Amino acid sequence: MISGTASVDELATGAPEIAAFGAESVRLGGVTGLSLVAELRRPAREAVLPPGLHPIVPPAMSLLAWDVSESPWGAFSTAFVRVVCRSGARARTFCVGAAASTDDAVAGLRSQLGFPAQRARVALRRHYDGVDLTVAAAGEPANGAATQHGAGPMLELSALDPDPLSVGDLQHVGSMNLAHTPLGLRLVQVETHHEPSRVERLAARIDAFDAAAWGQPLLDPYWVVSCSVSLEDVEIPAIRFVCDPALPAAEGTERVQ
Amino acid sequence: MKFGIFYELSVPRPFSRANEWLTYHNALEQCRVADELGFDHVWAVEHHFLEEYSHCPAPEVFLTAVAAQTQRIRVGHGAVVCVPEMNNPIRVAERAAALDIISNGRLELGTARSSTWTELGGFCADPDDTKKTWDEFCRVIPQMWTDDDFGWEGARFEMPARNVIPKPFQEPHPPMWVTVTTPGTELDAAERGLGCLGVSAAPFAEQERRTKEYYRRVANCDPVGSFVNDQVHTLNFLYCHEDYRQAAALGLPMVGAFSMSNAHLYFTREAYPTRAYQTLGNAGAALRSRGTPNGSAPADDPSVAKGLPEGVGIGDPDHLVRTIRKWEDVGVTGINFLLNAMEMIPQEQVLDSLRLFATEVIPQFQTPDERAERVQAPTTVPDISASDSTAPSTMPAGASR
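As they're listed, the protein sequences go chains A and B.
If you read the first sequence in the numbering used here, its first letter stands for residue 3, the second for the next number, and so on.
If you read the second sequence in the numbering used here, its first letter stands for residue 14, the second for the next number, and so on.
Incorrect hints may appear among the rest.
To be verified - Computed from the model, here is a short list of chain B residues facing chain A with C-beta under 10 angstroms:
#	residue
1	R26
2	L63
3	H277
Read the hints as simulated data drawn from the structure, not as lab findings.
Treat the numbers as computed from the prediction; the structure is a model and nothing was measured.
Glycine included, each C-beta is placed from N, C-alpha and C at the ideal position.
Isolated chain A (complex conformation) (with noise of 0.2 angstroms):
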C-alpha cells in the first residue's frame, strides 16, 4: 500500500481555517454540475497527497465544477480540482485547489467547508450540444483570452456531444480539504449528496490546465477519462469527520459531530 509524500507543512501554505465546525448543511439549488477525470502522469501519484491519504492507479485528477443559482451565499459559481485518492478503504479526493465567482462563497467555502478557494472568474456555460467551462483569476477575463500580462486562464475545457444516462449511474466522491480547525491542521471530509434531475456524458477537451495557478505544478491531467454534467441540487451535510493528514484514516480519525 503506498501513501502520499509531500510534506503536510507545505501543503499547509495557505490553507483556510475553519473557526468552529457549523452544524448545519449547506444547500445549493439550481446547479449545473461538470464533473471531469483526467489521468495524471506517474510523478504526481504520490508527491501531491499527504502521507494520511493513498493515491490510486493510475494517478487520477477530479475535476468538479459547479454553476449554483441558489445557496446560503447567494449565487455563484466554482471549481474544485482534486486529487483521486483513498482514505482508508474509502474512495476520496484530495482538493488542491478550488476557485470561486464571489466573495461570499470563497468565504464560505473556506471557512464553513475547508475549500481552498480562490476568488476567480469562473464560466460554465451549457449548450445544446455541449459544455464549456473557464476558469480565470480573479480581474483576469473568463473567456479564455490572453490577459495583457500574457497569462492564460486558469482552466479551460471544452465537452461535446451530450449522451443521456440514468440519474444513478453518476458516482460522487468526497473531498479531503485541508484546514486549520479547532483540533488543529485536518482533513476534512466534506460529503456531497446529490439529487440529480438530468445526467449526460459527453466527450471532453482539457484545452489550457495552468497547474501552478491551481496550486500544484505536478498536476498535468493528459488524458481525459470521463466527462458528464448534470442539473441537480447539492446538499453538503455538516462535517462529521476530520483526519490527521499525517497519519493513516485508522489511526487518524477524529469525529467532531
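Given the structure of chain A, go ahead and fit chain B onto it with the hints provided.
Then chain B, alone, in the frame of chain A:
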C-alpha cells in the same frame, strides 16, 4: 463440495524482480502440494496493471506450468477477460484448447469483463461495451471448439469461416464459468448455462438468495455451450491452524491487507459514469461495514475498516468445518481459497495450512468413494498409436464429459 485454490498473484512492495519471481514460484509449489493433497481446482485470474493486488496478466502461462507439474488437479483459466482490446476470442479458444491438451483434459474456462478503469482504460476499451462483448465471447468460444467450419458475424466480433484448431481434449469442450462480482451476474450465468464462479464473498443470506435464483433459472436455461455447467463456487480465504488464535493472528491480517489493496483499485464506476457498471467490482464490494451494534458503520467514517466477509476460512479445523457447512447449506458446491496476500504468510506456513486443511477438513465433506478417489494414482497419459490417430485408447478422467 469441491475445494480449490485461487491466485491473484499479489506481490509485496517494494517491487523487485525477486519478489515477483518468489510469488510465482511459491504459488507453483502450493499448486503441486494441493494436487498431492487432493484439492480439486487451481484458478488463476487475468488482471493487468493492478500493482500489488495482482501481477497475473498471463494466467495461461502460469497454468501451463501448473498443468505440467501436477497430475490430477483441474486448472481453472479464469477468468479470461472477454474484451476484444485485451483478447481476441479466436486466441482465447486456441490457447484454452492447447492448455486442455497439455493438461490432459483438466481445463475449466472462466469468463469475465474486468471491473477496473486501470485495466479497461489501459487497453482503451469502452466500458459501455464489455457486457456485450462478454456475451458474444461466451457464445462463440464453445462453437469454435466444436465446429470445424466456424464463421461469425456478430455485433462486436466477426470472422470468415475457419477451422479453429486445436480442439480441446475434453469432449465436447471444457466446462465454462462466469466470474460473479456484481449482483445480477449470477442470472447472466444461469441463463447461459454457465457455472457461477463467485469472486466476491457475499454474506450467507445474500449468497443463498443468489444461489436459489441461479438454480431456478439454470434449470430452464438456453446453454451457450454443448452442456450446462450448473455449479456454484465462491471465493474465500484460507489459513488453517490447530490453534484458532494463531490462525486468526496470521490469517486475519492477510485478509485485511488483501481487502485494503482491493479497495485501492480504481474501479470503473468511479472513473467513468456508465450504466454498464452499477457497482464496485471484485472482493471489495462484498466487504461489510462494521463498528456499530447493528453491523453498519457510518459509510463515511474512514477510520472504520470494512469488516471481514462472513464465513471467512480462517481458523482451526473444527471452525472451518462448521463454516463450510454453512456454505454448503446455502447451495454452494465449491469454495476456492486465496492462500496468501503479498506473501505475508511464510511459505512453509501456507503449506502447513494446506496440509492440515486437507487432512482434517476436506474428508468431512467427502463420501467414502470420493475419499478413495482422491488417493488414486494419477490419470494416465493417453496412449495414441501411430496406426490409430483418431482417438486415444486411454482417456484421462474428464475427457469423456
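Checked hints:
At about 7 angstroms, the closest approach between the beta carbon of R26 (chain B) and any beta carbon in chain A falls short of 10 angstroms, and the interface hint on this residue holds. Hint status for L63 (chain B): holds, given a least beta-carbon distance of 7 angstroms to chain A, under 10 angstroms. Proximity of H277 (chain B) to chain A holds as hinted, the smallest CB-CB distance being about 5 angstroms (cut-off 10 angstroms).
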